[in-house]
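Enquirer: Spelled out from the first residue to the last, the chains are:
There are 2 protein chains.
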Amino acid sequence: MEVKERILEQASQMFLRFGIRSITMDEIAESLGMSKRTLYEHFSNKEELLTECIEFQYRENLKLRDDIEKAFGDDPLEIFHQHFRQVIIIINSIHPSYISDLQKYYGHIWRKHIKSKQEENIAFTTEQIERGKAQGIFRQDVDADILSRAVHMAMQLMGSPDIFPETRYSRTEVFRQVTLNFIRGMATAEGMAMVDEKFKA
Amino acid sequence: MEVKERILEQASQMFLRFGIRSITMDEIAESLGMSKRTLYEHFSNKEELLTECIEFQYRENLKLRDDIEKAFGDDPLEIFHQHFRQVIIIINSIHPSYISDLQKYYGHIWRKHIKSKQEENIAFTTEQIERGKAQGIFRQDVDADILSRAVHMAMQLMGSPDIFPETRYSRTEVFRQVTLNFIRGMATAEGMAMVDEKFKA
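Line by line, the protein sequences are chains A and B.
Heads up, the first sequence is in my numbering, so the first residue is 1 and it goes up one at a time.
Heads up, the second sequence is in my numbering, so the first residue is 1 and it goes up one at a time.
Hints may be right or wrong, so weigh each one.
For identical chains, the list gives no copy identity; a pair is met inside one copy or between any two copies.
Stated by the list, open to error - Simulated pairs of lysine-lysine, BS3-like, Cα-Cα distance not exceeding 30 Å:
#1 133 <-> 63
#2 117 <-> 104
#3 115 <-> 63
#4 198 <-> 133
#5 4 <-> 200
#6 198 <-> 117
#7 200 <-> 63
#8 36 <-> 46
None of these hints come from the bench; they were simulated from the model.
Bound conformation, chain A alone (with noise of 0.2 Å):
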């Protein structure tokens, strides 16, 4: 693996562990066995450093998704149930810091990765909504684009401590309810008893 790389996995990990203001670029440069200077030619601050974590994990999650849409390709509920199932690790796998971290004091980094994926995201769930209705699944008078649209819009905002804070609120659990009563939303008589099958606790 290319030495970026390999900076980019460990300290996305580190980060996803242990939060992001915690750790120092002397950590990640020790965990690493590398000089300080050594990453500091690669990432010339954390600020870098972490925008760049953020783009690995999206690759990373891209690999995924595509495998998951070569395994069910056809379908759509089995590929929002994978979903379904990997946010929900990875939620339960985050340490809280790094979700508050990034709110507090990289709003805008974060905003930016959002922004410039958004686009694609929407489209991907506006196809498998769009496949769902041509088996059936879903109703024909759902707008796959606008209901695609506002559950991506509700998701950003899930982690928003004004609304659910998080004190208060689990976050898999505000996932999971939001998640179920989307697609169950959109189901026709036959799809909701394949949705309740597959989302059954």
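Following the hints, complete the assembly by docking chain B onto the known chain A.
Expert: Just chain B now, with coordinates in the frame of chain A:
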């Protein structure tokens, strides 16, 4: 009617019909047949007038909500349906400039208002969902508080030009799609038939 109340009613109408920026304090005074000086005795500037207009409209909506609750208090689906119809009437009667002016130039006022009423509005929706669960219309595993928060969050963002640019999306259709999907998502098999009957186009 008290002078202040009369100003709020007239100014609200003018803002909603023509937008905020295009209406001056002069024009408001003139349309009320009062001097500019009298107007300024009640509201020291346009921002203050707008802030109180928003509160005035909110109070008017609360009256409507009370009427709806008095008439259909034990029928949560009908309450949702009446609100749904009411919001569509409001969306269709508002000049697009009112919303874009509010977002672009008076966002601080709007956000403060929304925030101050947020918990009260969420609690109202939560109560309807709980009633629907008790009646077997909505699923037992619906978390009324979480879904109520999520849908209020989505409603707030519906006007976001970033996600739903107003030249491409009809506000009415976005609202219709999101609301119907939200309610269907919660419905039991028995509830679903009632929802689809009530909300059919």
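Enquirer: Each hint: holds or not?
Expert: These are the hints, each one checked on the structure:
no.: 1; hint: 133 <-> 63; verdict: within (26 Å within a copy, 41 Å between copies)
no.: 2; hint: 117 <-> 104; verdict: both (21 Å within a copy, 24 Å between copies)
no.: 3; hint: 115 <-> 63; verdict: within (20 Å within a copy, 40 Å between copies)
no.: 4; hint: 198 <-> 133; verdict: both (18 Å within a copy, 22 Å between copies)
no.: 5; hint: 4 <-> 200; verdict: neither (42 Å within a copy, 56 Å between copies)
no.: 6; hint: 198 <-> 117; verdict: within (28 Å within a copy, 38 Å between copies)
no.: 7; hint: 200 <-> 63; verdict: within (27 Å within a copy, 41 Å between copies)
no.: 8; hint: 36 <-> 46; verdict: within (12 Å within a copy, 56 Å between copies)
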